[in-house]
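Q: Those sequence lines, one after another, are chains A and B. If you want the numbering used here, it's the position in the first sequence, counting the first as 1, plus 1332. If you want the numbering used here, it's the position in the second sequence, counting the first as 1, plus 1332.
To be clear, the hints were calculated from the coordinates, so they are not data collected in a lab. Please note: incorrect hints may appear among the correct ones.
The list cannot tell twin chains apart, which means a pair is met if one copy fits it or any two copies do.
Below, computed lysine to any residue pairings styled on SDA-like, alpha-carbon distance capped at 25 Å [what the hints assert, rightly or not]:
1) K1831 with E1798
2) K1515 with L1433
3) K1398 with P1621
4) K1612 with R1684
5) K1632 with S1561
6) K1831 with W1522
7) K1515 with L1434
8) K1460 with V1511
9) K1837 with V1562
10) K1665 with D1623
11) K1460 with N1401
12) K1515 with R1436
13) K1632 with E1416
14) K1549 with I1884
15) K1514 with D1781
16) K1514 with E1432
17) K1460 with Q1404
18) K1634 with V1562
19) K1807 with P1819
20) K1665 with E1721
21) K1549 with R1564
22) K1795 with E1556
23) K1612 with L1818
24) K1557 with T1605
25) K1862 with N1431
26) K1795 with K1831
27) K1632 with W1522
28) K1557 with K1634
Protein chains: 2
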Amino acid sequence: CQAAAQKFTGGIGSKLCGTFIFKHEILSFVSFSRLNEAILPHAIICYFNALLFFTDLLPALNGDAKTMNFLQEVVDIMLAYIVESFDRSTKVIDFHYPNELLQRNNWELSDEPETLDDILISCRATLKYAIKTAHPRYFNQLSTGLDMVGLAADWLTSTANTNMFTYEVAPVFVLLEYVTLKKMREIIGWQDGRGDGIFSPGGAISNMYAMLLARYKMFPEVKEKGMSSVPRLVAFTSEHIYVYMQFSALMTDYAFQSHFSIKKGAAALGIGTESVICIKADERGKMIPSDLERRIIEAKQKGYVPFFVSATAGTTVYGAFDPLMAIADICKKHDIWMHVDGAWGGSLLMSRKHRWKLNGVERANSMTWNPHKMMAVPLQCSALLVREEGLMQSCNQMQACYLFQQDKQYDLSYDTGDKALQCGRHVDIFKLWLMWRAKGTIGFEAQIDKCLELSEYLYNKIKDREGYEMVFDGKPQHTNVCFWYLPPGVRYLEDKVEKMKRLHKVAPVIKARMMEYGTTMVSYQPQGDKVNFFRMVISNPAATFEDIDFLIEEIERLGQDL
Amino acid sequence: CQAAAQKFTGGIGSKLCGTFIFKHEILSFVSFSRLNEAILPHAIICYFNALLFFTDLLPALNGDAKTMNFLQEVVDIMLAYIVESFDRSTKVIDFHYPNELLQRNNWELSDEPETLDDILISCRATLKYAIKTAHPRYFNQLSTGLDMVGLAADWLTSTANTNMFTYEVAPVFVLLEYVTLKKMREIIGWQDGRGDGIFSPGGAISNMYAMLLARYKMFPEVKEKGMSSVPRLVAFTSEHIYVYMQFSALMTDYAFQSHFSIKKGAAALGIGTESVICIKADERGKMIPSDLERRIIEAKQKGYVPFFVSATAGTTVYGAFDPLMAIADICKKHDIWMHVDGAWGGSLLMSRKHRWKLNGVERANSMTWNPHKMMAVPLQCSALLVREEGLMQSCNQMQACYLFQQDKQYDLSYDTGDKALQCGRHVDIFKLWLMWRAKGTIGFEAQIDKCLELSEYLYNKIKDREGYEMVFDGKPQHTNVCFWYLPPGVRYLEDKVEKMKRLHKVAPVIKARMMEYGTTMVSYQPQGDKVNFFRMVISNPAATFEDIDFLIEEIERLGQDL
């Protein structure tokens, strides 16, 4: 290493060169061996910060060195946490109930300042009790994993600390959003990547923005006059778009249907949840087009105006892809806005092997696509893509006062502040853009293909294994693998009612034990008349075949006595 | 330094101690002198990354050292940028037009991956063309400055990479949000800090959430049945809540009325912008209560239902505080939801000297308060506080499926996923919480008081100075100081129309020159019949009296020939 550096330094003295190398050695030394916590007395580490307060940091006069030192300490804490997160021998979570966690640290806010040393202690405590979302065995959510380039980009975004509304205050980020959205539209298949779009604070908001656009497109007067000026509007979506969340699996079987983003949007927009019509799904969770058309005709007969169909590309629980081509035909025939909620499944467009599952998406009017899910971009990163140009602006801008606009050389497509309900927007673009540069499209493709391969491996492993039952037949289309594990004590029960009652309690108990041991985390939920089942999803690029094997062994180890 | 460390190390060998000290010396060495860019050949710095790709980083096998090295390089780039940002001799911005900026770097996304060295180059380029929001002479927005503890907290938030919806996936952050919102409600003056709240993606969304709650409170059936089931609703707000934004000041006088968050909310919610009634403001920009009451009575006479009054605590341009006590009386009398939009001015509640400006806020039903503005918390950090408990949940949750809920020991107040339209939420709490710990309430108070002191200094300095005219009389209530600078060539013009026409062009040209030189940035806009004037705001804790002096000198230097 030192030799290599010397080769490059040429004429520069050895001291300088040695210094540089030394820095890297020390870094490895301190953070890898976690010496700063284990061997070196805490007092040394804190020496610089124990007597310092925030007032000693920049912009304080001569605050440079103290600031660098403080930030470097925080970085060292984070680097140690990162390395630990990827280490399979560490716990995914060190779980405690709220009241217990409240007592394990002082989290209160007071009038008086704390020393920087106390601040570092708070940083350590926060990470100690955090869930390690980067852990290769963390499968609990649709967003898992921690990408190192994405993380670096997010740190840099925080450092730039600006807002997305104009080119003036965020020149580079506005430009990168423009470049990236265009690329995403090309991938969808819109000619020359034309159209519009925006990064929004999550899939639910992206879906609501789409609904807002669809309504405005059909009845622009609604903006000024409200819903009372238009006939009764109805929207359609699959009955399968429920999102279930568990609140603390340690609570045994407490499940909760969290939201229904299309219904939430309809409630907010003054359309009303009763005007969202749920279309039947087949046994794989895909919307049945004939039922969609039947319900559209039915609504029209009642005098209602169908204005919005939200097809789902990748449902939360089953990972089902609605048949977009057939839905596009129906939307075209009845002149209805077609939206594709690809929050979870949209990223499959990056894969030449799997993108056929979204065939027809190019015919949609809008699409939600969350790179923070299947592309493992750090949270939050959700895009709404819109086919028609200019619509977002006219839908969301207020009476613009152009009185003073005399010079139009400036390309307004770079000013995004008026395209959405928000005025300022958080900078969510840089992490996606930088990751795309680091991986290339083929890198994202490989990452996605690998996750799907892992889920196929899991499916093949358990589909005929004793003690397992699949929730639906056939190979999953996304990485969602839904299954029951039946412990021996449940497996052979003959009373079907009793069997279901017992089975319903199995997944929650196993999950609770997973969290107690901290070995892995996977989600479970009931759906319709189906009792609690595991929903495995794989979006974590750190996961391997061995981790899948481990999960199955762990489920059996923790559940065999139930 | 070495001696001090030795004092603390006690028995530990001198090599170890030396190592520790050495690390800090190198840090200062590399980053302060910017040796890595200036003296050391770039080749060395890049040596480790030139042949590496993202696939060499974690979770790659043996990726630890390479990951640490890569992240440390990014940190070094950021640390150098931070030190530079606070240095008054550096430019606030290195401005280029979009087309020019597009050509200055390769920003395109391709199929193939880039090396980690290329990624570092992109990081440097991104910061090179970014606006230095931390710069002591950056006054352009309501959100300025860069707090070192807030930044550290945001880095840590990115590292934890989780979502806010349940305690299970974000135990610490959910707890800290709970603690902080309670503290904020106590400061508002709600008994025992009771009530509810959430951090949302910005002030416009917080205001919309408040409007949604007000409507639901009065007509809960709107959730299912939509706006057609309720009478015509009307909302009221001050005519002064316009937000003006300039798109590139280099474009001379192009101004733009960006948004009107209450109107935007009304458009989205299906209420319609025509149902937002603008109440007259006095010459200081404060809502006139008698006009409010008159318009409420008028609306009732027309058969409309007044449901929402949004009073503003700190308008964007004038920094005006509406008379909350008088407005509260009117809202009480007519049984209307009172919302206080304190996005900009809410933080004055932290100051014993200035909080009287919000007297009456404790009688509001809800309040928007953006710590990312006057408290200089990194973007984004906006809170909606709500007086009534439980309302957010019932307004926004969809038909909850409690079928399986058998165990209620778990405190549901820690599960926030169903309180808002969003399902997942970005973690915005940690930076505010950690800054609060570092500063204490008194630290925030001192920071806010200082900004107000600076603006009073500016006001006193220019109010009688030759060539200046104030846009409104009297000491500003917030840090907004609105003024015209009249260059000698305009100052003595007798033709009033010509004078206004010329004056209208002064601020844009001065601003354009500021950006060309990169010396400072301050915003300007027209308002009503008033031609372009400067709106100085101070939320940047790095600003000093000397920076105010500099601003005035700079305006005169750049504008004297106009």
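Q: What hint numbers does the structure not satisfy?
A: Numbers 3, 4, 6, 9, 13, 14, 22, 23, 25, 27, in rising order.
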